[in-house]
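*Asks:* Produce the complete structure using the sequences and hints provided.
Line by line, the protein sequences are chains W and R.
Quick note: the first sequence uses our numbering, first residue 29, plus one each step.
Quick note: the second sequence uses our numbering, first residue 29, plus one each step.
Each hint should be verified, as a subset may be incorrect.
What follows is a list of derived Cβ distance ranges for each label pair [claimed, not checked]: (1) W:ARG80 - R:ASP236: 30 to 36 Å; (2) W:THR140 - R:ALA259: 40 to 46 Å; (3) R:GLU337 - W:ALA166: 48 to 54 Å; (4) W:LEU132 - R:GLN170: 40 to 46 Å.
Which residues of chain R face chain W? A few of them, derived with a C-beta cut under 7 Å, are [as the list claims (entries may be wrong)]: (5) VAL124; (6) MET143; (7) PRO292; (8) GLY293; (9) GLU307; (10) LEU308.
What the hints contain is simulated information worked out from the structure, not anything from laboratory work.
Where is the CB? At the ideal position from N, CA and C, for every residue including glycine.
Protein chains: 2
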Amino acid sequence: MQATVIHGERDVRLEEVPDPVLSTGGDAIVRVVAACVCGSDLWRYRGVVPVREPQRIGHEFVGVVEEVGPQVRRIRVGDFVVAPFYDCDMTCANCVNGVSSSCLARGSWGATDPMGAFADGGQGQYVRVPHADGSLVATPGQPDAALVPHVLTLADVMGTGHHAALAAGVTAGSTVVVVGDGAVGQCAVLAASRLGARRIVIMSRHADRQSLAREFGATDVVEERGEEGVAIVKDLFDGIGPDAVLECVGTKESMDQATLAARPGGVVGYVGVPNGGAELPIRRLFSTNVGVRGGVAPVRNYVEELLPEVLDGRLRPGLVFDLELPLAEVAEAYAAMDERRAIKALLHP
Amino acid sequence: MQATVIHGERDVRLEEVPDPVLSTGGDAIVRVVAACVCGSDLWRYRGVVPVREPQRIGHEFVGVVEEVGPQVRRIRVGDFVVAPFYDCDMTCANCVNGVSSSCLARGSWGATDPMGAFADGGQGQYVRVPHADGSLVATPGQPDAALVPHVLTLADVMGTGHHAALAAGVTAGSTVVVVGDGAVGQCAVLAASRLGARRIVIMSRHADRQSLAREFGATDVVEERGEEGVAIVKDLFDGIGPDAVLECVGTKESMDQATLAARPGGVVGYVGVPNGGAELPIRRLFSTNVGVRGGVAPVRNYVEELLPEVLDGRLRPGLVFDLELPLAEVAEAYAAMDERRAIKALLHP
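*Replies:* Here's what the structure looks like:
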């Protein structure tokens, strides 16, 4: 089959690789219908995370089940399925607690799973899914092609935005600021809106991204950053700031923006993968009672809640895809996101 | 009148000072019936926080209202009142949000208030309270002498323990670990028990403090610290740790203990005033989805909820006082707490 392999900085290739085979009993082979490129894939692409040897890549995909192992009970051949950006069993204590991203049997796409067999990367024609009954959620019937991008976001960005909002305690009537206007930030706006936030500020300097955020429910746009941005946000909310800030970037600057903007007693829900050496300033957080909660989003736990609204068209998170390409042009998908020509690129195998 | 003045390291004296006088219209003069020494008072006593000039000290007191200013509406002469460890108006946006410790007009005891007049320290015969209608809560009638120590804890330690538990999201059925066996840690155990936690571990190496924690509702004691303590706590809760950890110390070691012990997706509620240069390790928190929430406890916001249970004897947080002295012996009260001969000392003016 063909699958994407990253060889080094700005060197992504579609290559012929071995077809996956069932091997652990509870696994399944999924034919990928749509996959996409994640902001975190760009770390290896940009050389921020070194690539020591060629690696399979991609962790967001939807597709159709082609084969299942003898221990698979819930998932059936022919199901259209969405997988989270990690493999999980949904039976361990952490999965049951709602934190499947800390599954005790967790595996990663494009890597050897804890049982010793390879799980393919998502940017390819087929993927072996180690825990089919845990990781995969089947849609009722086959979704229309137009719905596929929306379903695909449940693999990562929509669930991640939802996690930021839940971690920050967003509920009906909340006031919310979203730091980050990429795909996850946009989904955080949508999630906050869905949860009933009464006012949602997107911090963004790009007209197209401001526009998408408004479509997703943002009520205000703040273009300023740093101290000026914080001061403007405080002013918008009684001079004290919003109840919740959703941090969807991961830099020291964005986290400072978030913790400084939140009102006393407010919460920062963060899903931006922390990079750089910044730690959290505990004395400042203590003096203001600003809480910080978030992390690797347990998106698998959110699929059942979000999927019906995606399928009936109430939630349209797939609008974050502003580029669709055949899998053969995966290198261009990476380049477009790297050069910020696209928010998020969808790939058709 | 007589009031406590700290002159420097291990130099606390009861001295003659000017009687307080009403000055800002909304203020009151309270005759102190009972006061106490806080762990944070020991910072100046131990020289951790330098004392550049003699300062009035003490921020926990209950007493009887002797005089009120012309703008005071709710509090009356003769009321028995409890004050929080700070002065607040209970009308600003932060107070209304439940975060009176960030009151926009907040003042401190033993310091000049934001209106420019002096608010006395709590360890004295009388205190001028700047925002009488905000800061003070009157009991219905005069409480029996036996109840006074319990009411006094609402000025700080009981409300602070309650804040740790709320910040960590403790609710019916929660599993909880409390780091710190001082007065606040003990009150955190009591607060978690009151909120319905099903299992509460106190980390303590002192038999008398273990015993008090058990009286307050602790179900388990762990004497080990560091990595060993974390491993034992994880084992007690399915190998993954408790839902909530209440951090009531404030050192890097205690916070590490807390963030390492919590289960994935769990929350650390922290009220130990951070000291030392330790910041929070965001990458580790991100990878485990452990949240951190807490800070300066808005104890004023909790008085109405806790006071009835204290008055009817259901809650007995005053058991944290294991030393009672006349105000004249305030120096001995500090020495006893400094030398860990007492958990917490109560003073009678």
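*Asks:* Range first: 48 to 54 Å. Now tell me if the beta carbons of GLU337 of chain R and ALA166 of chain W are that far apart.
*Replies:* holds (51 Å)
*Asks:* Can you verify the interface hint for VAL124 of chain R: is its Cβ closer than 7 Å to any Cβ in chain W?
*Replies:* violated (10 Å)
*Asks:* Regarding the hint that PRO292 of chain R lies at the interface with chain W, is the smallest CB-CB distance below 7 Å?
*Replies:* At about 4 Å, which falls below the 7 Å cut-off, the nearest Cβ of chain W leaves the hint on PRO292 of chain R intact, so it holds.
*Asks:* Is the interface hint for GLY293 of chain R satisfied, with its Cβ closer than 7 Å to some Cβ of chain W?
*Replies:* Constraint on GLY293 of chain R satisfied, holds at 4 Å.
*Asks:* ARG80 of chain W and ASP236 of chain R, beta-carbon distance inside 30 to 36 Å?
*Replies:* Violated: the Cβ-Cβ distance is about 57 Å, outside 30 to 36 Å.
*Asks:* Let's test the interface hint: is any C-beta of chain W closer than 7 Å to that of GLU307 of chain R?
*Replies:* holds (3 Å)
*Asks:* Report holds or violated for the interface hint on LEU308 of chain R, using the least CB-CB distance to chain W and a cut-off of 7 Å.
*Replies:* holds (4 Å)
*Asks:* Range first: 40 to 46 Å. Now tell me if the beta carbons of LEU132 of chain W and GLN170 of chain R are that far apart.
*Replies:* At roughly 57 Å between Cβ atoms, GLN170 of chain R and LEU132 of chain W fall outside 40 to 46 Å, so the hint is violated.
*Asks:* Taking the CB of THR140 of chain W and the CB of ALA259 of chain R, does the distance hold inside 40 to 46 Å?
*Replies:* violated (27 Å)
*Asks:* So, as I understand it, the hint says MET143 of chain R touches chain W; can you test that by seeing if any CB pair is closer than 7 Å?
*Replies:* violated (19 Å)
Violated hints, in rising order: 1, 2, 4, 5 and 6; the structure is consistent with all others.
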